[in-house]
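Quick note: the working numbering has the sequence shown finishing at residue 663, numbered continuously throughout.
Simulated from the structure, these hints should not be mistaken for lab results. A couple of the hints might just be wrong.
[To be verified] Between beta-carbon pairs, the in silico distance windows are:
1) P432 / T575: 40 to 48 Å
2) G641 / Q466: 14 to 22 Å
3) R444 / A414: 21 to 29 Å
4) A538 / P435: 35 to 43 Å
5) A504 / R572: 15 to 23 Å
Don't be surprised by glycine CBs; every beta carbon is placed ideally from N, CA and C.
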Amino acid sequence: MTDEQERVQPSGVWATAVGVAKVRALETGRENALFRDPLAQAFATAGGLWPSSPPPDDEAARRRWSAVSSSIVVRTKFLDELLQQASASGVRQVVLLGAGMDSRAFRMDWPEGTRLFEVDTAAPLDFKASVLRQERAVARCERITVAADLREDWPAALAAAGHDPAAPTAWIAEGLLIYLPEDAVELLLARIGTQSAAGSRMGLTLGSRGVIERFGADAAPGSAASLWVSEMPDDPVGWLAGHGWEADSHTLRERAAAYGRPISTPPQREERPGALISAVRR
382 MTDEQERVQP
392 SGVWATAVGV
402 AKVRALETGR
412 ENALFRDPLA
422 QAFATAGGLW
432 PSSPPPDDEA
442 ARRRWSAVSS
452 SIVVRTKFLD
462 ELLQQASASG
472 VRQVVLLGAG
482 MDSRAFRMDW
492 PEGTRLFEVD
502 TAAPLDFKAS
512 VLRQERAVAR
522 CERITVAADL
532 REDWPAALAA
542 AGHDPAAPTA
552 WIAEGLLIYL
562 PEDAVELLLA
572 RIGTQSAAGS
582 RMGLTLGSRG
592 VIERFGADAA
602 PGSAASLWVS
612 EMPDDPVGWL
622 AGHGWEADSH
632 TLRERAAAYG
642 RPISTPPQRE
652 ERPGALISAV
662 RR
């Protein structure tokens with residue numbers, strides 16, 4: 382039986398990772414792409430989302446699609462830069478929490494000795510592995526997959542896979558926290574803290590205040606927006622300071638402009654910094 386025949390099709394929250402791959406594939410095809418993800422189209426194809434359908438005719442749906450896809454592109458670029466800065470500072474451990482279809486192990490240049498851990502449940506990791514075999518993809522660093530549910534004792538699984546909490550780590554939680562209730566977010570941050578030596582870095586994406594009200598209320602059942610449950614705290618920098626991190630926060634609009642992709646639509650309401658977070662463990 383071939384990988385394609387054995388492949389379990391995406392479902393539930395992890396199916397949104399294939400939607401993210403579709404957005405990254407569309408960005409990769411642009412002449413002025415902010416990043417190139419050569420595996421994104423293969424992930425989207427395997428998940429039944431490629432060839433890409435045109436934007437919806439409904440104006441409200443089109444606005445939602447544009448906003449979500451723009452945020453994915455901007456956050457990808459933002460976290461790429463964070464990881465490059467972490468590598469330049471000497472960090473050689475990277476942990477992607479809820480890794481989904483992330484292909485940074487394959488598309489970014491990594492210093493010698495870098496170990497990249499991808500933590501996710503077994504279903505998306507198995508799906509991803511079948512596509513990687515099909516594409517004969519070769520990682521540019523030591524890539525280690527860790528099948529674990531982030532609601533359970535994932536630090537133990539990560540340690541068993543070889544993660545060293547005594548060495549600095551770059552942690553990435555991209556497009557993840559918005560799907561977790563607040564108590565689960567707090568537990569995740571606490572667990573990250575116990576595994577983070579001084580000099581560790583962290584990159585987070587948080588749901589902007591009001592995003593669930595704007596996009597989740599009338600979202601189609603099963604869509605990404607219908608699964609959102611948490612937004613960023615009122616003071617994300619102070620919140621992370623309470624967890625032992627020195628953080629900088631940014632709005633998507635601010636970073637989009639910095640990357641030469643200004644968002645032309647006026648904001649629905651005052652935008653507070655916090656959608657994109659970079660943090661350092663002192």
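Now the hints, each set against the structure:
{"no.": "1", "hint": "P432 / T575: 40 to 48 Å", "verdict": "holds, 45 Å"}
{"no.": "2", "hint": "G641 / Q466: 14 to 22 Å", "verdict": "holds, 20 Å"}
{"no.": "3", "hint": "R444 / A414: 21 to 29 Å", "verdict": "holds, 23 Å"}
{"no.": "4", "hint": "A538 / P435: 35 to 43 Å", "verdict": "holds, 41 Å"}
{"no.": "5", "hint": "A504 / R572: 15 to 23 Å", "verdict": "holds, 22 Å"}
No hint from the list above goes unmet by this structure.
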